[in-house]
Amino acid sequence: MKPLFRLPGVAPLLLVFSLAVLGLLIVLPLGVVFQQAFAQGLGAYLTPLRDPDALAAIRLTLLVAAISVPLNAVFGLAAAWTVTRFEFRGKTLLLALIDLPFSISPVVSGLVWVLLFGAQGWFGALLQAWGVKIIFATSGIVLATLVVTLPFVARELIPLMQDQGWDEEAAALTLGAGGFTTFFRVTLPNVKWALVYGVLLCNARAMGEFGAVSVVSGHIRGLTDTLPLHIEALYNDYDFVGAFAAATLLASLGLVTLVVKTGLEWRFADELAASRRH
Amino acid sequence: MSSPTARWRQPSVLPGFPLAFGLTVTYLGFIVILPLAALVLKPWSLGLAGVWSALTEPRVLAALRLSFGTSVLAALVDGVLGLIIAWTLVRYEFPGRRLVDAIVDLPFALPTAVAGIALTALYAPTGPLGALAAKFGLKTAYSPLGIFIALLFIGLPFVVRAIEPVLQEFDREVEEAARTLGASDFQRIRQVVLPALAPAWISGVTLAFARAVGEYGSVIFIAGNMPMRTEIAPLLIVIKLEEFDYAGAAAVGVAMVVISFGSLLAINDLQAYLAQRGRA
Numbered sequence: 035m036k037p038l039f040r041l042p043g044v045a046p047l048l049l050v051f052s053l054a055v056l057g058l059l060i061v062l063p064l065g066v067v068f069q070q071a072f073a074q075g076l077g078a079y080l081t082p083l084r085d086p087d088a089l090a091a092i093r094l095t096l097l098v099a100a101i102s103v104p105l106n107a108v109f110g111l112a113a114a115w116t117v118t119r120f121e122f123r124g125k126t127l128l129l130a131l132i133d134l135p136f137s138i139s140p141v142v143s144g145l146v147w148v149l150l151f152g153a154q155g156w157f158g159a160l161l162q163a164w165g166v167k168i169i170f171a172t173s174g175i176v177l178a179t180l181v182v183t184l185p186f187v188a189r190e191l192i193p194l195m196q197d198q199g200w201d202e203e204a205a206a207l208t209l210g211a212g213g214f215t216t217f218f219r220v221t222l223p224n225v226k227w228a229l230v231y232g233v234l235l236c237n238a239r240a241m242g243e244f245g246a247v248s249v250v251s252g253h254i255r256g257l258t259d260t261l262p263l264h265i266e267a268l269y270n271d272y273d274f275v276g277a278f279a280a281a282t283l284l285a286s287l288g289l290v291t292l293v294v295k296t297g298l299e300w301r302f303a304d305e306l307a308a309s310r311r312h
Numbered sequence: 385m386s387s388p389t390a391r392w393r394q395p396s397v398l399p400g401f402p403l404a405f406g407l408t409v410t411y412l413g414f415i416v417i418l419p420l421a422a423l424v425l426k427p428w429s430l431g432l433a434g435v436w437s438a439l440t441e442p443r444v445l446a447a448l449r450l451s452f453g454t455s456v457l458a459a460l461v462d463g464v465l466g467l468i469i470a471w472t473l474v475r476y477e478f479p480g481r482r483l484v485d486a487i488v489d490l491p492f493a494l495p496t497a498v499a500g501i502a503l504t505a506l507y508a509p510t511g512p513l514g515a516l517a518a519k520f521g522l523k524t525a526y527s528p529l530g531i532f533i534a535l536l537f538i539g540l541p542f543v544v545r546a547i548e549p550v551l552q553e554f555d556r557e558v559e560e561a562a563r564t565l566g567a568s569d570f571q572r573i574r575q576v577v578l579p580a581l582a583p584a585w586i587s588g589v590t591l592a593f594a595r596a597v598g599e600y601g602s603v604i605f606i607a608g609n610m611p612m613r614t615e616i617a618p619l620l621i622v623i624k625l626e627e628f629d630y631a632g633a634a635a636v637g638v639a640m641v642v643i644s645f646g647s648l649l650a651i652n653d654l655q656a657y658l659a660q661r662g663r664a
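Residue numbers (my numbering), protein chains in the order written: chain A, 35 to 312; chain B, 385 to 664.
These are calculated hints, taken from the structure and not from any lab test. Hints are supplied without guarantee of correctness; some may be wrong.
[Stated by the list, open to error] Quick list of the computed label-pair ranges, beta carbon to beta carbon:
1) A/Asn270 with B/Arg661: 49 to 55 Å
2) A/Gly65 with B/Ala433: 51 to 57 Å
3) B/Leu483 with A/Leu47: 18 to 24 Å
4) B/Ser568 with A/Phe218: 22 to 28 Å
5) A/Phe214 with B/Gly453: 52 to 58 Å
6) B/Leu418 with A/Lys167: 17 to 23 Å
Glycine is no exception: its CB is placed at the ideal position from the N, C-alpha and C atoms.
Only chain A is shown next, with the shape it has when bound in the complex (with noise of 0.2 Å):
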């Protein structure tokens, strides 16, 4: 590709520049947590990491990743195929309620919870009756990450299938295909780099949820505090090397869902949603 518009002139003025904006804004914070984290040298990185409160912290958000992902690929899925199979009425809406969840903030996607099975929520009384805990309980953190991570996986395999069309589908069936079996044997490996990228944003975002978490949470230490709650409470108690230690954890996570993605972009751009191409 050889572009038309390439300001020979200020092109190295605008290299420089973007540079220094990406590396001031967006990688000096992620290379401080580094530095911050291993300050005190490698023992004193890894001492609250050890910590009873620290690893309770690392399996609760592994427990929450593992109920609310799988869920949120399952109805992904199913609202893919609903939405890209089939013309109905209300499909707009349809489609406008499955992206409602980035518009509002994580902390109102909390909120909700609270208002529904809170002590004083709808269902609050009741609950109480039947001996359920909800609210300041893991049930309710992975109902708060639901709604926040809901739309990743449902975004990304629309786009996709729409582009597919169901010709192939169609031909199974005629070929007496059952529906199940036309499922599993020609949508699923149609689109399943894109089902891998969407549970990788699903599952990065669910792990490192912080704002929905932090209101329903109740921020019991060892209990109810997931990891990135953890590095909250550290911070506050200004033990720094413990909070940015922890934050490692997040960090890297996040950096090996950039790598994978974008290694899933080089590859296999064409089974991706077109509107990642690039």
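Given the coordinates of chain A, assemble chain B onto it according to the supplied hints.
Same frame as chain A, but now just chain B:
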């Protein structure tokens, strides 16, 4: 030949509509619609006058003004920075271009709490950049400027990612035509490229703005959270919840959603108008 009750959907040879549609709608109903209904209905337990006084409380107004003000500002500055970065990434070849392109997404991948404490470490009075700014008499962390910096960080990838594909697929014939007609580089950019980029640019800036308004994790560490000065609206919701003022928290939440959606709709109209003008 379909029954009247089924007429809302066109017949299809593909199976699985009842299952997939049922699953989708049930899930959305429980995860999105029911919770939002609770949000929208809750404030009215205060009565109309109660909602009004909850929202016109000086502390709430200050928080909403701060959140929307800094978000607009950060989104617009991201618009300028993002345009330059996208241009550089698409139009020039330089070693490491793809790596730099991947780095743009870092704010998407880095959990907000991590970004928050990292930015604070950089911009606090004791941090390297905070100390530098202090020499020029600027207070970065624990001031609205700190909030602005965090929102700048969060919003930048939205603008770059919105513009990049359009710049890439920009109609070369149009550029060629402009050149043959003797337009200078800057004339062509101002009169040909920028108008064509406008809709995508607006999308990117809007996404950055929407994200910034609701942003919590990356902001609360650097903000300092002083009532009336550096307290953002999402934090006020958290504070009201901690005081068991559910209705007050919901009122602020609804106000945020209404203002956000109002601005998104207005921007949408502007975009449609510009797209039409760009085509004409």
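Can you tell me whether the CB distance of B/Leu483 to A/Leu47 sits inside 18 to 24 Å?
holds, 21 Å
Return holds or violated for the Cβ distance of A/Asn270 and B/Arg661 against the range 49 to 55 Å.
holds, 51 Å
With 51 to 57 Å as the target window, see if A/Gly65 and B/Ala433 comply at their CB atoms.
holds, 52 Å
Does the Cβ distance between B/Leu418 and A/Lys167 fall inside 17 to 23 Å?
holds, 19 Å
Okay, B/Ser568 versus A/Phe218 on CB: inside 22 to 28 Å?
With a Cβ separation near 58 Å, B/Ser568 and A/Phe218 fall outside 22 to 28 Å, so the hint is violated.
Holds or violated: 52 to 58 Å for the Cβ distance of A/Phe214 and B/Gly453?
holds, 53 Å
Checked against the numbered hints given earlier, the structure breaks only hint 4 and satisfies all the rest.
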